[in-house]
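Undergrad: Which chain is which? The protein sequence lines are A and B, in order.
Using my numbering, read the first sequence as starting at 1 and increasing by one per residue.
Using my numbering, read the second sequence as starting at 1001 and increasing by one per residue.
Please note that the accuracy of each hint is not assured.
What the hints assert, rightly or not - 30 Å max Cα-Cα, derived DSSO-like pairs, lysine-lysine:
| # | chain 1 | residue 1 | chain 2 | residue 2 |
| --- | --- | --- | --- | --- |
| 1 | B | K1155 | A | K100 |
| 2 | A | K116 | B | K1152 |
| 3 | A | K222 | A | K158 |
Derived by calculation from the structure, the hints in this document are not laboratory data.
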Amino acid sequence: MLKVKNLKKVYQEHSLLAIKDLSFTVHDSEIVMIIGPSGCGKSTLLNIISNNDNNYLGEVIFDKSKIGYVFQEDRLLPWKTVEENVRLVNMEGEREAALKILDAVDILPFKDYLPKNLSGGMRQRCSIARALYYGSDLLLLDEPFKSLDHLLRNEMLKLIAKINQDTNISILYVTHDIDEALLLADRIFVLSKRPSIIADDFRIIEHPMKRNLESPKFVDLKNRIINTLERP
Amino acid sequence: MTKKYNIISFLIIMTIWWIGSKIFSPLVVPSISMVGGSILKILSSPYLRYQILLTLSRLLLTLIIANLLGFSIGYFAGVNQIFRKLLKPILSVLQVTPPVAILIIAIMWFGFNGKPAIAISVLAILPTIIISVQEGILNIDNKLIQMGKTFKLSKESIFKDIIIPSISPHITSGWKISLGAACKTIVMGEVLTTTTGIGGNISEARMNLESEGVIAWTIITIVLFGLIDQIVKILLNKGKKTDAKS
Ligand SMILES: Nc1ncnc2c1ncn2[C@@H]1O[C@H](COP(=O)(O)OP(=O)(O)O)[C@@H](O)[C@H]1O
Ligand SMILES: [Mg+2]
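Given only the sequences and the hints, what does the whole structure look like? Please build it.
TA: What follows is the structure, encoded as structure tokens:
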């Protein structure tokens, strides 16, 4: 379980209040999606949760140890191949397992490529494979499928849903794409513009990836989210 | 193709030399055969071969000292902004100071032996090494380090897999530049301050009016340093490739 309580974040050097007051919980094996406009503090939030930024007020409690992070930029090591990049984070792990994950994200044929010879979408999938191979209890994803085409993005969303079901890993997924959230989330938090607070939250009980976004219920949900986002 | 031009260019130079040796006295332009004989004499004499080794060992010592100093200073300049700012004007001055000016001071300190040659050679390449190490450290991508910490990589792994590959391109290019400079200044320093080593023997030959000796030593030096340069470049490039693969 991840618990964030009264989180406040100021970027001191620019005296910029990025996050005003955030409280939420991600339960075990839950998929929580956070939607918010660009620049509202989503990456900031994930950096704090992943312990990359200790300079904040409030509380962040995580009762397990391993947090996997799919960064907004791929952050692959340019001098290592796809396979090496993935295996680096779990040197004791079995090679077979790494190859299986590369296959699942559909870049196995490119395992010996250096990142610079891959497309943006392939690099991002490599970065996802890395986080999965790490064996996380909580997976943080920062707009991971931005540079993927529609079809591939759906495949990836399905993969995330499947992994969540098979392994009970909790997922905190940040995006500004409402459809992604409607397809995958157990719970959606909508953030306000900066300084961010939670403007609204929605619970969805239908099985992830088996939802019809054209159905009246989801059309209505989408409209409510858009309204919340557009609120001044 | 380039091989063909290399050979033609070589033949042209030999022809000009041959014509020159017909026109001028042997003291000004010694004949090709005199110089060839002189080269053979040098290479067959154990004492003179030892002189070559002496220069090479001075070169090695230069590189060791310059790298020890360069890495420590460059490291601190990379991690400490104040130190970097203080160092900058010193490096700028050092980079435009003619080696000969330093040589005079070095002779006053060390006397007429091989040491001033080593001293100026070290000073000639030190700025390059300091700057390349400093730039390497400044260019480490903090986001990659964060990635390493997020995935709980060991300290050794962060050093070996992230830090070293980040800075090594800067350091190898610094090495490539400084090697040539070190070779040139070490011989120059020897010419001016000692009778031993390659430079010392060049200056001896000059004083004995043996122009063929001067040219013979010069040719040996060029071939020797050319070889070293090639070998080092091949080794450095090899290192780069294994980095990329392993
Ligand atoms: N290191 C930083 N220093 C100062 N301001 C920053 C820094 N990182 C982000 N910000 C600012 O904080 C706000 C939130 O940024 P970010 O968390 O990246 O937004 P998002 O991921 O939601 O697009 C933005 O206004 C951004 O300019
Ligand atoms: Mg962001």
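Undergrad: May I ask which of the numbered hints given earlier this structure violates, with the numbers listed in increasing order?
TA: none
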